[in-house]
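Peer 1: As a plain string of letters, each chain reads:
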Amino acid sequence: MATALRRLAKCSVSARLLSFAGHSRGRRGHFARPCTVVAQRNFSSASTMTVDLDSSTGIAVMKLHSPPVNSLSLDFLTEIAISLEKLEMNKGCRGVVVTSALPKIFSAGLDILEMYGKSPERCGEFWRAVQEMWLKFYSSRLVTVAAINGSSPAGGCLLSMTCDYRIMADNPRYSIGLNETQLGIVAPFWFKDTMVNTVGHRTAEIALQLGLLYSPQDALKIGMVDELVPEEKLVSTATEAMARWFAIPDHARQITKSAMRKPTIDKLLSARETDISNFVSFITKDSIQKSLKLYLENLRKKKA
Amino acid sequence: MATALRRLAKCSVSARLLSFAGHSRGRRGHFARPCTVVAQRNFSSASTMTVDLDSSTGIAVMKLHSPPVNSLSLDFLTEIAISLEKLEMNKGCRGVVVTSALPKIFSAGLDILEMYGKSPERCGEFWRAVQEMWLKFYSSRLVTVAAINGSSPAGGCLLSMTCDYRIMADNPRYSIGLNETQLGIVAPFWFKDTMVNTVGHRTAEIALQLGLLYSPQDALKIGMVDELVPEEKLVSTATEAMARWFAIPDHARQITKSAMRKPTIDKLLSARETDISNFVSFITKDSIQKSLKLYLENLRKKKA
Amino acid sequence: MATALRRLAKCSVSARLLSFAGHSRGRRGHFARPCTVVAQRNFSSASTMTVDLDSSTGIAVMKLHSPPVNSLSLDFLTEIAISLEKLEMNKGCRGVVVTSALPKIFSAGLDILEMYGKSPERCGEFWRAVQEMWLKFYSSRLVTVAAINGSSPAGGCLLSMTCDYRIMADNPRYSIGLNETQLGIVAPFWFKDTMVNTVGHRTAEIALQLGLLYSPQDALKIGMVDELVPEEKLVSTATEAMARWFAIPDHARQITKSAMRKPTIDKLLSARETDISNFVSFITKDSIQKSLKLYLENLRKKKA
Chain A
1 MATALRRLAK
11 CSVSARLLSF
21 AGHSRGRRGH
31 FARPCTVVAQ
41 RNFSSASTMT
51 VDLDSSTGIA
61 VMKLHSPPVN
71 SLSLDFLTEI
81 AISLEKLEMN
91 KGCRGVVVTS
101 ALPKIFSAGL
111 DILEMYGKSP
121 ERCGEFWRAV
131 QEMWLKFYSS
141 RLVTVAAING
151 SSPAGGCLLS
161 MTCDYRIMAD
171 NPRYSIGLNE
181 TQLGIVAPFW
191 FKDTMVNTVG
201 HRTAEIALQL
211 GLLYSPQDAL
221 KIGMVDELVP
231 EEKLVSTATE
241 AMARWFAIPD
251 HARQITKSAM
261 RKPTIDKLLS
271 ARETDISNFV
281 SFITKDSIQK
291 SLKLYLENLR
301 KKKA
Chain B
1 MATALRRLAK
11 CSVSARLLSF
21 AGHSRGRRGH
31 FARPCTVVAQ
41 RNFSSASTMT
51 VDLDSSTGIA
61 VMKLHSPPVN
71 SLSLDFLTEI
81 AISLEKLEMN
91 KGCRGVVVTS
101 ALPKIFSAGL
111 DILEMYGKSP
121 ERCGEFWRAV
131 QEMWLKFYSS
141 RLVTVAAING
151 SSPAGGCLLS
161 MTCDYRIMAD
171 NPRYSIGLNE
181 TQLGIVAPFW
191 FKDTMVNTVG
201 HRTAEIALQL
211 GLLYSPQDAL
221 KIGMVDELVP
231 EEKLVSTATE
241 AMARWFAIPD
251 HARQITKSAM
261 RKPTIDKLLS
271 ARETDISNFV
281 SFITKDSIQK
291 SLKLYLENLR
301 KKKA
Chain C
1 MATALRRLAK
11 CSVSARLLSF
21 AGHSRGRRGH
31 FARPCTVVAQ
41 RNFSSASTMT
51 VDLDSSTGIA
61 VMKLHSPPVN
71 SLSLDFLTEI
81 AISLEKLEMN
91 KGCRGVVVTS
101 ALPKIFSAGL
111 DILEMYGKSP
121 ERCGEFWRAV
131 QEMWLKFYSS
141 RLVTVAAING
151 SSPAGGCLLS
161 MTCDYRIMAD
171 NPRYSIGLNE
181 TQLGIVAPFW
191 FKDTMVNTVG
201 HRTAEIALQL
211 GLLYSPQDAL
221 KIGMVDELVP
231 EEKLVSTATE
241 AMARWFAIPD
251 HARQITKSAM
261 RKPTIDKLLS
271 ARETDISNFV
281 SFITKDSIQK
291 SLKLYLENLR
301 KKKA
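Residue numbers (the working numbering), protein chains in the order written: chain A, 1 to 304; chain B, 1 to 304; chain C, 1 to 304.
If we strip away everything but chain A, and leave its shape as in the complex, we get (with noise of 0.2 Å):
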């Protein structure tokens, strides 16, 4: 009964919020269904995410929902980058917080299977996805904050790491880092970049070689996270941070964000063909086709 009630205060509240179709294929708006999240995770593999825009806030709240996990795969990617680019031409819209609508995980970084015996082909279509969601979050004009309630290891720690400001519910049994490394693949430079430019230089080349993965409360220590908190109070932190940016006047804001960001993001930019065949040409080659064959066997075993 008490339950129900919060679960009917929480669709009250989400009633104030405007609908916004962040979904790449045109789907039905918001306010056929108020209880978004609630309702969505029944739904069809297809539905991988809800966006709700506060128009009397500005705010966006993405909430990821592909499961089991939030692997990032080329279509997930590519829904992501799309819901991004549609706040970013909405004038009502001043920030998003980015979170995830599974249990324990925020992501768990780049689908593994979109790089298991795929073509070439695929596989540049794939990085090329990948490059474009990393583009559109870390150049955003909007106010970026990650909401982190759960593990975020590899693409999962890239991508909150794109954000302006990260705030991790303080749950040990969460991790959070760029892995890479102890999967046998290699964090691209533009990966390795924006790691050094939240972390600096000698962390980053300890964290990277190691592939290490923090607990919230290392993670804080060394800067990769602003903020923890109790895992119920993350939505609500993350407003008040949002309120903190959204004081400053937004065109003020976006040239100092430019000034700091636009030195890296041209590196990949000017690099950006050479980047997408290293990477099929890396992990294409049998070897590594072999690491990732022996990953998703282990990972297969543990599940069964």
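I should point out that these hints are in silico values taken from the structure, not numbers from a laboratory.
Mixed in with the good hints, there may be bad ones.
Below are the DSSO-like pairs computed for lysine-lysine, each with C-alpha atoms no more than 27 Å apart in a straight line [stated by the list, open to error]:
| no. | chain 1 | residue 1 | chain 2 | residue 2 |
| --- | --- | --- | --- | --- |
| 1 | C | K86 | C | K136 |
| 2 | C | K267 | B | K192 |
| 3 | A | K192 | C | K192 |
| 4 | B | K290 | B | K192 |
| 5 | B | K267 | B | K285 |
| 6 | B | K267 | A | K262 |
Which chain A residues face chain C? A few, computed with CB under 8 Å, are given here [stated by the list, open to error]:
| no. | residue |
| --- | --- |
| 7 | R128 |
| 8 | I185 |
| 9 | G200 |
| 10 | E205 |
| 11 | L208 |
| 12 | L210 |
| 13 | W245 |
| 14 | P249 |
Just so we're clear, the structure is a prediction, and the values are computed from it rather than from any experiment.
Even glycine gets a Cβ: it sits at the ideal position worked out from N, Cα and C.
Fit chains B and C to the known structure of chain A by using the hints.
Peer 2: Coordinates of chains B and C only, in the frame set by chain A:
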């Protein structure tokens, strides 16, 4: 009575100092008025600083005195730069302590009145003077120590960050930071570079976007200042710090300083004219002029 | 008696190790003299290190032994570089621990005698060897761990900073840092770059200008070393650390390491000859030679 004795004591200390012709328009030397700073407070606004060089130690003390808040106007910037240049050319001078002769404020930063309602030519002239001050201080052959005895927002913070060492009075009512975005304006790339060189990329990214002003304690934590002391110990601590820098042969220290700072300096030198025209076209925009007008009106209301 | 037993125990541990022909001029292997280090102290100065590779673990231990203080002379630098190169070419070797066989000193840094009263040609040859050591270590495919069991000023600090991981004996009598300016000389740009990569720009700026030597505790605080342990645990801790690095597939770790360090390495490679002639013209100046003479005389007086 006790106060009078203390003032006398100060004068006798001061009497050991050799005067330095640090005033840009040839004002009279120091011996004529031993208690320089105290006396000068009653002078006309043309007398905007005292520069006393102790020939026995090689330490000059530059006390900024442009009431009410040491705003960096075109004239004041020019005077500061010329004063430093004269010290540079004086073989008896090895270091300079920069501090304020005004209570509670180190410097309020760039003079907003130089940016509001002025011709593009005048704005350009002003900006060149800001660049000049930064270039001279950031590349100074002298050991430069900022004794920050009051609040130090925006350009005041920049001036202190050009120094080799920063000591701040441990008074929680003082604050320091590059808060340009709070006024709707933007710190140019070389302010940003100086900030990144001082506190690192990630801290600079947040601080510059939010225009954060830090308490002395927080400024110490992020490395924006190097040391906190009670205000009455500021000058003596600066002198002690200077002794540590003087223990190093000048040529080795200078070459090392240049190696650390030259890339940042060269970046401005190679883009100086572009930077000026960027500033002029930004600051003379209607929207920016409106923000500045609003800001100045609020400032006047506060005072009234 | 107990001591004798411990020495015996050490020898029996040592006996498990395979010898590595790490001596540049074909000295005899390790099996002939199981307690290598102890024995070697009585040898001629030509025998300046032992390199023992444990084929079961893939870990080599390089013990520097150039009495009295492991000064980096032209010969010693050459021997170190050749030893590392041989390990690099040995497929059985995955990592190397660099440590000192001398008490209280890791390495006193570049040999001043190589810079004083020498011909420009000889100075240039010396400097090329310093570059070579740095280039080889900073870009090594091996996991490199410095087990810093004594003071490590100047070039000694540099050598340790080229490693992937630094463990220092927690003895307050030891110190570490790039203290070149204290001698009136200047760390070249690639020393500076290595320092900035390790401790960040601002800390490097102060440390290099003042030629600061840090206690182990302070070195840990600024990130110049990664871990402190009691001296007797230094080697076992180094082995444990190595295990964490070995857990990562070599190719992924190596590509990541290269991505982090290549820009810094390329900078020296593209300016190598200029850097040599800069060094030679600086060090052969009368004023610098005078400082070095003074320094050497003081050193001799201290000893006497």
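Peer 1: Each hint: holds or not?
Peer 2: Hints versus structure:
no. : hint               : in the structure
1   : K86/C with K136/C  : holds, 11 Å
2   : K267/C with K192/B : holds, 24 Å
3   : K192/A with K192/C : holds, 22 Å
4   : K290/B with K192/B : holds, 25 Å
5   : K267/B with K285/B : holds, 26 Å
6   : K267/B with K262/A : holds, 15 Å
7   : R128               : violated, 20 Å
8   : I185               : holds, 6 Å
9   : G200               : holds, 6 Å
10  : E205               : holds, 5 Å
11  : L208               : holds, 5 Å
12  : L210               : holds, 6 Å
13  : W245               : violated, 26 Å
14  : P249               : violated, 29 Å
The earlier numbered hints that this structure contradicts are 7, 13, 14.
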